Amino acid sequence: MARPHCIRLTVVGWFLVRVTPSPQRHRIRVMQSASRICLTYVVLFALAIPWYWVWLPDAIRLVLGMPLWACGALGGSALISCYTAWLLSFPWAAETTTENTKGSDE
Amino acid sequence: MSDQLIPFTTPELIFIGIYLASLIVIGCFGYRARQANTLRDFYLAGNGIGFVVLLLTLYSTQYSGNTLFGFTGMTYRIGYAWAVSVHFMTSIVVFYLILAPKLFGLSKAHGFITPSDFIEFRFRSPALSCLVTLLMIIAIANFLLAQLMAMGNALEGLTTIDPEVAFASGVIVLALVIVVYETLGGFRAVAWTDVIQGSVLLVGFVILLFLVLDEFGSLAESTRIVQRNHPERVAPPDWRGSMEWASYVLLVGIGGALYPQSIQRIYAAKSGQTLRRSLMVMAFLPLTTALIALVVGIIGLAHIPDLARSDTLLTVICRRVQEHSWLGRWLVVVLFSAILAAIMSTADSVLLSISSMFTKDIYGRYINPRASEQQLTRMGKVCSWMLIAVLAYLAIRFRDWTLIKLLDRKFDLLVQLGPAFFLGLHWPRLRATPTLCGILAGLSVVLGLLLVDSFTPEDYSKVWGVHPGLFGLVLNVLVAVGGSWIGDQRSRPARVEERV
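Those protein sequence lines, which keep their order, are chains A and B. Going by the working numbering, the first sequence opens with residue 84, and the numbers climb by one from there. Going by the working numbering, the second sequence opens with residue 185, and the numbers climb by one from there.
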């Protein structure tokens, strides 16, 4: 039942993006990507914080010299680092603006 | 078991002396490299700094003496639960993602020097700017005092002279070294010395890991011993512990990103690309630095049980290594240099940041608005000397001051500035008066909880595992956002969107 609802929302979202004027469309896209990034971080931190390990078996079995739950938490932290580094690999809007300003100054 | 190092011999002390002298020489180079006698040149190195310098100055400023002594000691006390330190150090870089892209562009376009320059530009409210400046100065001045005390403690056990004299000498000599190279070269000298200090710190952490593994054996063996003797320190955290993890991630992430010295490093980046690359590397450094401190703490807990003061774990380990061989002694000398580097690099950045905020945001704005750039720069140098003199006196006079513990809540205070910076950058409708009221409301919650904690036998330093600063922040955001929204509905003001 959830699937058609999802498709409908996606279609409405696509339609909204198509029909809105350009600056607003840009803002919607920025907000969409910002909320996607926030959601990813929430999920990653929820995985990295070991709240659920008390219910899992083998939580204190040693892996790489430390308990499994600590390994999992540190793995989650490594994932957060990788995702952050990936996001930082894209140029910022301010960079192009600064470069343009520099160019005009020169 | 002694928690004091074996006193250094003359050649070892000469090595430390040469290291300290090299910092002053770098200060001289910074003085020669100055391009103009302006505030921007003195506090932000003029046109900015490149990738390597920016990365190492961010690194050495972020990781203080607390990382070496405090993190190992905390792991000793609570075990694997302190793996949260890796998370919260990573979360600082995550919060930079919200702050840095826009703030960097604005700082380049409008020539910001201090964090309050952004607040003044965004809100046009002298009261709010003044409050932000004062709050930042209060939060980090205590941090500087703690670093000065750490300097005294670090030197105390190294000589055979009277401990009190050694403590005072340590504070005075190291504070003098810092203030001399900072007066000579300003931010340029601080950043360049941070390159040496950051490198020494990185090398020191690697040496520490090898020393500990060589001396005590593998991590797996240590974990098994801890599991046998203290099973609760290997178990995963319960719901309260998990709340504490989440609280640390938010509190240190937001507060650490709002350190004024870190914000000034965003301003000082040569280009956006330089800043992005530095932050990319910074995202992985907790996995080396904080993780090594965790491993050392666990190994120490297994092999050196029953320490009276857990924060002396590192010193005890160093003493064991010193006793074994000539090589061990020299490795401890290098490690000790790394400890000094960690403390001094944080102290110099904090000192420069306070000096810039006092000079530009208080003296230049309210006391002598007609002062020229040269006068302000001179005032900044005088301010650094006066501040370091007062704090060095306090560090020596109150070396066992327990109030320090009460005052050491800098993150609880700094997070209250979160709405002004994070929302101020991204939400054009945020208004000055509700933001000001929000900060005051947040502060009253924090101070109220801390007062209750200090005057009652119950522990209110964290409620349900959550730091007081976050309770304050929730109220702060509600007041700031609610007030701005109501104000917006009433008057529909001209938007400040274009400005941001």
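Since the hints were made in silico from the structure, they are not lab data. Hints may contain errors.
What the hints assert, rightly or not - Stretch by stretch, here's where chain B covers chain A in the computed footprint (C-beta under 8 Å, at least three residues):
#1 134-146
#2 168-174
Claimed, not checked - Computed list of lysine to any residue pairs in SDA-like fashion (alpha-carbon distance at most 20 Å, straight line):
#3 B:LYS286 to A:TRP134
#4 B:LYS286 to A:TRP169
#5 B:LYS286 to A:PRO174
#6 B:LYS646 to A:LEU170
#7 B:LYS594 to A:SER118
#8 B:LYS454 to A:PRO174
#9 B:LYS454 to A:TRP175
#10 B:LYS594 to A:ALA176
#11 B:LYS454 to A:ALA176
#12 B:LYS565 to A:TRP134
#13 B:LYS454 to A:SER172
#14 B:LYS646 to A:LEU139
#15 B:LYS565 to A:GLY155
#16 B:LYS454 to A:PHE173
#17 B:LYS454 to A:ARG119
#18 B:LYS286 to A:GLU178
#19 B:LYS565 to A:LEU170
#20 B:LYS646 to A:ILE120
#21 B:LYS286 to A:SER172
All values derive from a computational prediction rather than experimental measurement. Yeah, the Cβ is synthetic: ideal placement off N, Cα and C, and Gly gets one too.
Structure-based check of all given hints:
1. 134-146: Since 6 is at least three, the answer is holds.
2. 168-174: It holds: at least three residues are needed, and the region 168-174 of chain A offers 5 whose Cβ sits within less than 8 Å of chain B.
3. B:LYS286 to A:TRP134: 34 Å, violated
4. B:LYS286 to A:TRP169: 18 Å, holds
5. B:LYS286 to A:PRO174: 12 Å, holds
6. B:LYS646 to A:LEU170: 33 Å, violated
7. B:LYS594 to A:SER118: 30 Å, violated
8. B:LYS454 to A:PRO174: Between LYS454 of chain B and PRO174 of chain A the Cα gap is close to 15 Å, so the pair holds against 20 Å.
9. B:LYS454 to A:TRP175: 14 Å, holds
10. B:LYS594 to A:ALA176: 32 Å, violated
11. B:LYS454 to A:ALA176: Holds, at roughly 16 Å.
12. B:LYS565 to A:TRP134: Not satisfied, since the Cα-Cα distance of roughly 49 Å exceeds 20 Å.
13. B:LYS454 to A:SER172: Between LYS454 of chain B and SER172 of chain A the Cα gap is close to 17 Å, so the pair holds against 20 Å.
14. B:LYS646 to A:LEU139: 27 Å, violated
15. B:LYS565 to A:GLY155: Given pair LYS565 of chain B, GLY155 of chain A is violated - Cα atoms ~49 Å apart, limit 20 Å.
16. B:LYS454 to A:PHE173: 17 Å, holds
17. B:LYS454 to A:ARG119: Roughly 30 Å between the alpha carbons, so the hint for LYS454 of chain B and ARG119 of chain A is violated.
18. B:LYS286 to A:GLU178: 10 Å, holds
19. B:LYS565 to A:LEU170: 39 Å, violated
20. B:LYS646 to A:ILE120: 30 Å, violated
21. B:LYS286 to A:SER172: Distance ~16 Å between LYS286 of chain B and SER172 of chain A Cα, so the pair holds.
The structure fails hints 3, 6, 7, 10, 12, 14, 15, 17, 19 and 20 (numbered hints given earlier, in ascending order).
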